[in-house]
Amino acid sequence: AAGVIQSPRHLIKEKRETATLKCYPIPRHDTVYWYQQGPGQDPQFLISFYEKMQSDKGSIPDRFSAQQFSDYHSELNMSSLELGDSALYFCASSPIAGGTETQYFGPGTRLLVL
Amino acid sequence: DAKTTQPPSMDCAEGRAANLPCNHSTISGNEYVYWYRQIHSQGPQYIIHGLKNNETNEMASLIITEDRKSSTLILPHATLRDTAVYYCIVRVRQGGSEKLVFGKGTKLTVNP
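Same order as they appear, the protein sequences are chains A and B. Sequential numbering of the first sequence, starting at -9, is according to this note's numbering. Sequential numbering of the second sequence, starting at 1487, is according to this note's numbering.
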């Protein structure tokens, strides 16, 4: 079965640079969620989109922005990167219209800021 | 904040049943109990969810007490590949995009 695809899988950036993480949800899933997991920490919700509109927002820094496109893929844009942004970033998708609403996670993007 | 309490760690012998408890004493009537697990640095994996009835699928069984204040995830025959952090999450399911709030979870170690 198709799964959530995230790219890139690994990313190394310098401080103050920008990064773009991409997420391709499972086909026919209309909702996308982004989570951040710092070293030794549990996943923390950042932001979600339903039908291309932002549906919820967590503790996402103002330096970060995200959007969902017409094909339902999503991109997380991160600017003015800081050392503390080094983390695993997970994308999850769910089929709201289908009613199950179970979130399925991608393999994650490991971001290292030097 | 997470609405659940789980033991930080548990051990289980390979081939035996692993019973992972979760307390959610403040659960509301419209909140479901979800279980996910995360194998080292991989994306969290959905296991099972339920509202008030016991549930079973190919991965596990979920037993929810009658007052819904606690639940137990049961892995009937644990294998080494079941070593992971297991998260119990309560979540409203109302047709909206409700986020998952991860607590500390239980680190399950399956020993040979």
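Just to be clear, a hint being listed does not mean it is correct.
On the chain B side, residues computed to face chain A include the following (Cβ under 7 angstroms) [what the hints assert, rightly or not]:
(1) G1515
(2) Y1518
(3) P1530
(4) R1554
(5) F1588
Cut-off 30 angstroms, straight-line C-alpha distance, at most; resulting in silico cross-link-like pairs (DSS-like, lysine-lysine) [said to hold, decoys possible]:
(6) B/K1555 - A/K5
(7) B/K1555 - A/K42
(8) B/K1538 - A/K5
(9) B/K1555 - B/K1593
(10) B/K1489 - A/K5
(11) B/K1538 - A/K12
Label pairs and their calculated CB-CB ranges [to be verified]:
(12) B/K1555 - A/K3: 17 to 25 angstroms
(13) A/M43 - B/I1525: 29 to 37 angstroms
(14) B/D1497 - A/T10: 20 to 28 angstroms
(15) B/S1527 - A/E7: 20 to 28 angstroms
(16) A/D52 - B/R1502: 46 to 54 angstroms
(17) B/M1496 - A/Q31: 15 to 23 angstroms
(18) B/T1558 - A/S49: 39 to 47 angstroms
(19) B/T1512 - A/E4: 40 to 48 angstroms
(20) B/L1537 - A/P17: 23 to 31 angstroms
(21) B/E1500 - A/E7: 30 to 38 angstroms
(22) A/S49 - B/E1544: 19 to 27 angstroms
(23) B/Q1531 - A/S(-3): 36 to 44 angstroms
(24) A/K47 - B/T1512: 36 to 44 angstroms
(25) A/L104 - B/G1515: 24 to 32 angstroms
Calculated directly from the structure, the hints in this document are not laboratory data. Note that CB positions come from ideal geometry on N, CA and C, so glycine has one too.
Quick rundown of the hints versus the structure:
{"no.": "1", "hint": "G1515", "verdict": "17 angstroms, violated"}
{"no.": "2", "hint": "Y1518", "verdict": "9 angstroms, violated"}
{"no.": "3", "hint": "P1530", "verdict": "5 angstroms, holds"}
{"no.": "4", "hint": "R1554", "verdict": "19 angstroms, violated"}
{"no.": "5", "hint": "F1588", "verdict": "4 angstroms, holds"}
{"no.": "6", "hint": "B/K1555 - A/K5", "verdict": "46 angstroms, violated"}
{"no.": "7", "hint": "B/K1555 - A/K42", "verdict": "36 angstroms, violated"}
{"no.": "8", "hint": "B/K1538 - A/K5", "verdict": "49 angstroms, violated"}
{"no.": "9", "hint": "B/K1555 - B/K1593", "verdict": "21 angstroms, holds"}
{"no.": "10", "hint": "B/K1489 - A/K5", "verdict": "36 angstroms, violated"}
{"no.": "11", "hint": "B/K1538 - A/K12", "verdict": "37 angstroms, violated"}
{"no.": "12", "hint": "B/K1555 - A/K3: 17 to 25 angstroms", "verdict": "45 angstroms, violated"}
{"no.": "13", "hint": "A/M43 - B/I1525: 29 to 37 angstroms", "verdict": "33 angstroms, holds"}
{"no.": "14", "hint": "B/D1497 - A/T10: 20 to 28 angstroms", "verdict": "42 angstroms, violated"}
{"no.": "15", "hint": "B/S1527 - A/E7: 20 to 28 angstroms", "verdict": "23 angstroms, holds"}
{"no.": "16", "hint": "A/D52 - B/R1502: 46 to 54 angstroms", "verdict": "49 angstroms, holds"}
{"no.": "17", "hint": "B/M1496 - A/Q31: 15 to 23 angstroms", "verdict": "20 angstroms, holds"}
{"no.": "18", "hint": "B/T1558 - A/S49: 39 to 47 angstroms", "verdict": "31 angstroms, violated"}
{"no.": "19", "hint": "B/T1512 - A/E4: 40 to 48 angstroms", "verdict": "45 angstroms, holds"}
{"no.": "20", "hint": "B/L1537 - A/P17: 23 to 31 angstroms", "verdict": "27 angstroms, holds"}
{"no.": "21", "hint": "B/E1500 - A/E7: 30 to 38 angstroms", "verdict": "46 angstroms, violated"}
{"no.": "22", "hint": "A/S49 - B/E1544: 19 to 27 angstroms", "verdict": "35 angstroms, violated"}
{"no.": "23", "hint": "B/Q1531 - A/S(-3): 36 to 44 angstroms", "verdict": "20 angstroms, violated"}
{"no.": "24", "hint": "A/K47 - B/T1512: 36 to 44 angstroms", "verdict": "24 angstroms, violated"}
{"no.": "25", "hint": "A/L104 - B/G1515: 24 to 32 angstroms", "verdict": "49 angstroms, violated"}
Checked against the numbered hints given earlier, this structure breaks hints 1, 2, 4, 6, 7, 8, 10, 11, 12, 14, 18, 21, 22, 23, 24, 25; the rest are met.
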